[in-house]
Amino acid sequence: MREKEYRYASAARGGLLFMKGLSGVRNGDRVQVRDHQGQVRNGQVIRTTTEMVLIQVFEGTDGLDLERTWVRFLEEPFEVTLSPAILGRIFNGVGKPRDGRPALISQTKRNVNGSAVNPAARAYPKEFIQTGLSGIDGLNSLVRGQKLPVFSGSGLPHNRLVAQLVRQAKLPGEESNFAVVFAAMGISHADERFFRQSFESSGVLRNVVMFTNLADDPPIERLILPRTALTVAEYLAFDLDLHVLVVITDMTHYAEALREVATAKGDVPSRKGYPGYLYSDLAEIYERAGRIRDRHGSITMVPVLSMPSDDITHPIPDLTGYITEGQIVLSRELHGQGIYPPIHVPPSLSRLMKDGIGAQYTRDDHARVASQLYASYARALEVRNLASIVGAEELSQRDRQYMDFAKLFERRFIGQGEEQDRSIIETLEIAWEVLSLLPPSELTRVSEADLARSHNWSEDRSPASDSEALVA
Amino acid sequence: MAKVVDINGPIVIVHLPEVLIGEQVRLGELGLLGEVIGREQECAVVQVYESTEALRPGESVEALGHPLSVELGPGLLGQILDGIQRPLTAIAAQSGDFIGRGVHPPALDREKRWPFVPNPLLKTGQRIQGGQALGTVRETQSIEHRILVPPDIDGELLELAPQGDYTIEEIAARVQDSKGQIHSLRFYQRWPVRKPRPYLRRSAVGKPLLTGQRVLDTFFPLIKGGKAAVPGPFGAGKTMVQQQIARWSNADIVIYVGCGERGNELVDILETFPELIDPHTGRSLMERTLLVANTSNMPVVAREASIYVGVTMAEYYRDQGYDVVMVADSTSRWAEALREVSGRLGQMPVEEGYPAYLASRLAAFYERAGCVDLLGGEGSGSVTLIGAVSPPGGDFSEPVTSHTKEIIQTFWALSKELADARHYPSVDWADSFSGYIQDAAAWWSESVDTRWERLRAEALGILSRADELARIVNLVGPEALSSQQRWELAGAQVIREGFLQQSALDEIDSYCSPQKQFRLLELLLNLYQRGQRLLAQGASVQRLLELPLLATAKRLKSQYSSEQLDEMNAFAQEIDDIFSALDQEYLAVPVKQPAA
Ligand SMILES: Nc1ncnc2c1ncn2[C@@H]1O[C@H](COP(=O)(O)OP(=O)(O)O)[C@@H](O)[C@H]1O
Ligand SMILES: [Mg+2]
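Sequence lines, in order, name chains A and B.
If you read the first sequence in our numbering, its first letter stands for residue 1, the second for the next number, and so on.
If you read the second sequence in our numbering, its first letter stands for residue 1, the second for the next number, and so on.
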């Protein structure tokens, strides 16, 4: 550590501190900034030349008096201290305890930026995780080591959904060593409390590590928080062999902090003022999920983001969708109808589902049933659209069957209780119940054998009344 | 003295007076690799292929005296290389599961011995020139690797290695050029990646690149030596289309470049390809495949290089007389890497932050596709380029998509609506196009059936008329349609579900031979036309729509594999029988002529 403290700060704006007349400072190094009240802030070198140094200050630069600001270069990268005692603890974005307990003591420290996993060392994620939610298990299965975000919007129940997922997620027939890393950025105190209570009541709290930067905490710290959290997740997964579920919420707040700093730096903006490197930056976070060959643990990641104005083409959900292995999209419309979880099926996707399901993990007909539900629901939505134009009376018998199908699908298959934990077999049985509202000739994605086994069609039943009964 | 002056992310300014633009440099204690992309007086602007964390101003810099180049020789196939051709398996052996910095193992194994068979036609004392084969080694069971005279060598053959086992560093031949200089040729050569490898001349484009994917081969064909783009929003199926091409296409060599995309997608290939059998050679697919990986979390500058590294290796196999396909997933990430570097250099952005030279760089890249006559004068080879494009928000009017569209000949536009309904491949028949229909038609006509072009046009006609009808229905309701029109909608649905949709995950249907493609299309069109005729004879459309035959027709594709065409013909018989019976019924009714 350089003993000296420097006082050459020449400018401070937007969380950035410029230091002149300094040379030979290493890029990425950790910095301590002491303000005139003696408060220490954390910073990191993000540009360094033979004449000046640019520092990003995680607590922001507000209230800094340049004449009375001292900077100390720690000659080390940003690291987090790791030990098994980290489970059950709460930290801020730079790894400082927030639970009133002492800091961890350990020799094991790692650079929070990590390094890219060698693609040649990865193992393809395959093991089906049962979340107990039909909209996920049946249609967009999650597998161990996957990164599957939730695209939500303000006021939608993503917190309840994620809490339920943490509570219920399991590998069928396996009691495993697991841990939860919970990274919160810009969420409210109430939301943080909700999560903590939910972990507590489901008895997982001792397996949870929390990193929190709440709505009233300094926003720039959000740039380092997920990196700190993921370094811990990597330690838990690949050193301690745990199956780690990482929940990060809300990535939109992360991206906004990134934009803020980028603007202050004068980076060329691309879309909506976000810098061109937003994609690569997000990828550095998301790609830390996965499995590694010959290692026992895994990192499964469920980032949550709110889509500004519910717009899925906004850069944050858009770039996220380009990186993650699918997405679960929530629908304001279904939510408005009281359907929970309001999973908007058409744009939702799990890219890793194909290898995690079938006879080996779930059931032989799973893929075909999922594909059929998607196709039939897409058709049903067209019919619904048509009905809104020409009136339901104009619809053919077939189209009316589709209308009933859509209703039952949304209410019975997608909709379920917050406490309801369905097995994958139950999910598939309900799927068939719903598909039985359509005649076999409409179900060409499933095989004839599937139909013979599970399809319960009768030509003359009156679907409308039937579906009411089923929903009730 | 050469030293680091300014570090700004991947862009580093160094004091290095004599260095050339394009030259490779090594930076600092770690020996980070970079490339000079600009000069300002005594200083050079360097883009660094690795993270610059912990680099400090004042550290030393070394110019390496050569541009970014790749090693070309036996042992490339089956490997996974990073964006600057470092072998990722060797890196893992050195630095573990996470990629270390400053680690630069060579792409080609120095220890491995290859059985060399000299070219029997060559005699010492004769003149030889660039591109000629000195001999061959068997690189994999399915690929014979020709050891080539480097393009810039020309002279008298002094010595040729006899048959035997050699490492690549040993001398394959010695050649004396006209100036009397003697060149020792090894079993591998180097080539700078930004410079296209030379050929004798471009030859006429050749045969279709058959992918086994119906919507591609039958509707929007690509030709060996052609250029194609696959644009689509996330989740539309770009990667899957490219993986299917890597699996099933009738190319000799496939180079799969994962440029700024997911690590797991490469693992998927690494884990499945060795077990998959190439339908054309009966050998493991990995024997003809080479992966280049710069995943989204790997340094952005190497992403820009990865495309060139890939295409240079593609040209090298082309120069051995092979038909090579290179798929790049995704060219948008490459363009973004360009944008990032140009942004850090303070260059003027023109559209959405992209530099003005985006279009010309894209065009120059795709220009490296083509069918060529080889430099050595013996035979021809081809490079086919297929680039995925990832438009922000799925908007095809953005710069990368729109420039690419101007350059390529085959455009497979993927649609979110189709993908959301799980209609895969989600190739939109209205927005996609192929400029190679005539070339493809010649081949289909000769090799499969003379009616190919006509049937293709008929099917496309039904699809586009049905789209128009669907729009009408959405305005005024289904009642406005005539019986013929309702049947047309049903016909289009049969084509969509029974022909266009093809699940990559369906074991039977994942690959579809040209013969099966044609037979299926013929059957489905026949079904449609016979229905049309019945309607004209007065049959009720309701009755036709209720025929169980329709559902059967949609399932045919996954009922019979490409080897079971005879069985599929049984279905043809079934259509005939059913319709003949119906014909009988309606024959009593006076026949109206069907509309032409
Ligand atoms: N031809 C296909 N057959 C079956 N499933 C497909 C096909 N194409 C795409 N998919 C499905 O769509 C998902 C997304 O496809 P992918 O190629 O990864 O999209 P993109 O690269 O455009 O983001 C895949 O994980 C797979 O589930
Ligand atoms: Mg993709």
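Treat the hints as calculated values from the structure; they're not laboratory data.
Treat the hints with care, since some could be wrong.
Derived pair list, reagent style DSBU-like, types lysine-lysine, alpha-carbon separation capped at 30 Å [unchecked claim]: (1) Lys265(A) / Lys3(B); (2) Lys109(A) / Lys4(A); (3) Lys20(A) / Lys3(B).
Comparing the hints with the structure gives:
Proposed proximity of Lys265(A) and Lys3(B) is supported: the alpha carbons are some 25 Å apart, at most 30 Å. Between Lys109(A) and Lys4(A) the alpha-carbon distance is near 24 Å, which keeps this suggested pair within the 30 Å criterion. Annotation: proposed proximity of Lys20(A) to Lys3(B) holds, straight-line Cα distance about 20 Å (limit 30 Å).
This entry satisfies every hint, going by the numbered hints stated previously.
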